[in-house]
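Use these hints to put chain B onto chain A, whose structure you have.
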Amino acid sequence: NAGVMQNPRHLVRRRGQEARLRCSPMKGHSHVYWYRQLPEEGLKFMVYLQKENIIDESGMPKERFSAEFPKEGPSILRIQQVVRGDSAAYFCASSSTGNYGYTFGSGTRLTVV
Amino acid sequence: AQTVTQSQPEMSVQEAETVTLSCTYDTSESDYYLFWYKQPPSRQMILVIRQEAYKQQNATENRFSVNFQKAAKSFSLKISDSQLGDAAMYFCAYRRSGGGADGLTFGKGTHLIIQP
Chain A
0 NAGVMQNPRH LVRRRGQEAR LRCSPMKGHS HVYWYRQLPE EGLKFMVYLQ
50 KENIIDESGM PKERFSAEFP KEGPSILRIQ QVVRGDSAAY FCASSSTGNY
100 GYTFGSGTRL TVV
Chain B
6 AQTVTQSQPE MSVQEAETVT LSCTYDTSES DYYLFWYKQP PSRQMILVIR
56 QEAYKQQNAT ENRFSVNFQK AAKSFSLKIS DSQLGDAAMY FCAYRRSGGG
106 ADGLTFGKGT HLIIQP
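Top to bottom, those sequences are chains A and B. So for the first sequence, the numbering used here puts the first residue at 0; every next one is plus one. So for the second sequence, the numbering used here puts the first residue at 6; every next one is plus one.
If we strip away everything but chain A, and leave its shape as in the complex, we get (with noise of 0.2 Å):
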């Protein structure tokens, strides 16, 4: 069991281009969430989704962040346009019943230049 992936592990972007940053959940996993960590802070909810359903995103800003979680593949955190503020370490994590314990991915690390 390969645990939850994130990929990229870093990824190095400019101003105003887009992110995207992968998620692929632990075999059985059908839940995922998705995290955010600025630095010296906790983690930070942004999004919870099922597969092709969104079913909270009170945490994502109201502008150029989506997420998705298609049937077939991982799921996906996009941000477009970026800007220096959303430099950060971005945190996946899944669940198999959607209750109790959560499994993390090791990050991705957005630098914004």
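Errors might be hidden in some of the hints.
[Said to hold, decoys possible] Non-contacting residues of chain A with respect to chain B, defined by C-beta distances greater than 10 Å in every case (computed):
{"#": "1", "residue": "M4"}
{"#": "2", "residue": "L42"}
{"#": "3", "residue": "K43"}
{"#": "4", "residue": "M45"}
{"#": "5", "residue": "I53"}
[As the list claims (entries may be wrong)] Label pairs and their calculated CB-CB ranges:
{"#": "6", "chain 1": "B", "residue 1": "E20", "chain 2": "A", "residue 2": "K61", "range": "19 to 29 Å"}
{"#": "7", "chain 1": "B", "residue 1": "T65", "chain 2": "A", "residue 2": "Q79", "range": "45 to 55 Å"}
{"#": "8", "chain 1": "A", "residue 1": "R83", "chain 2": "B", "residue 2": "Q62", "range": "42 to 52 Å"}
{"#": "9", "chain 1": "B", "residue 1": "T10", "chain 2": "A", "residue 2": "G15", "range": "34 to 44 Å"}
Just so you know, the hints here were simulated from the structure itself, not pulled from any lab data. Using N, Cα and C, we set each Cβ at its ideal position, and we do this for glycine too.
Relative to chain A, chain B alone:
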């Protein structure tokens, strides 16, 4: 909204000693889950221990144990016989129970330093 507070930005302990990390939370829910996560420099978030609010017994995992005080909304982590590999950021987290599986609410973390 739920909040989680970790009042100790940094703690230091001698190897083999015991250290307690503090966490308080605020919620109006009666049923929920509490977690401690460890984040070493590798950045991986590792689950250390978890507690269901409806369970009165404090959770224990080897050298890690919690002191869960529901009335006081306190959830401290005790690490016994500290080892160099315990050095990391430690995050307390809250999640309400029930369907829908809301995300976790994290505290800002405590940086644990182990002195050899």
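Hints and how they fare:
At roughly 12 Å, the least C-beta separation between M4/A and chain B is larger than 10 Å, which holds for a residue marked as non-interface. Against chain B, the non-interface label of L42/A is violated: not every CB pair exceeds 10 Å, the least being about 5 Å. At roughly 7 Å, the least C-beta separation between K43/A and chain B is not larger than 10 Å, which violates its mark as non-interface. Under the 10 Å C-beta cut-off, the non-interface status given to M45/A relative to chain B is violated; the minimum distance is some 8 Å.
Look at I53/A: its CB is around 12 Å from the nearest CB on chain B, clear of 10 Å, so calling it non-interface holds up. Under the hint 19 to 29 Å, the C-beta atoms of E20/B and K61/A, about 48 Å apart, miss the expected range. A C-beta distance of roughly 46 Å is found between T65/B and Q79/A, which places it inside the suggested range of 45 to 55 Å. Roughly 48 Å separates the CB atoms of R83/A and Q62/B, a value that falls within the hinted 42 to 52 Å.
Separation of T10/B from G15/A is about 37 Å and conforms to the stated range, judged on CB atoms against 34 to 44 Å.
In the structure shown, a violation is registered for the earlier hints numbered 2, 3, 4 and 6, in ascending order.
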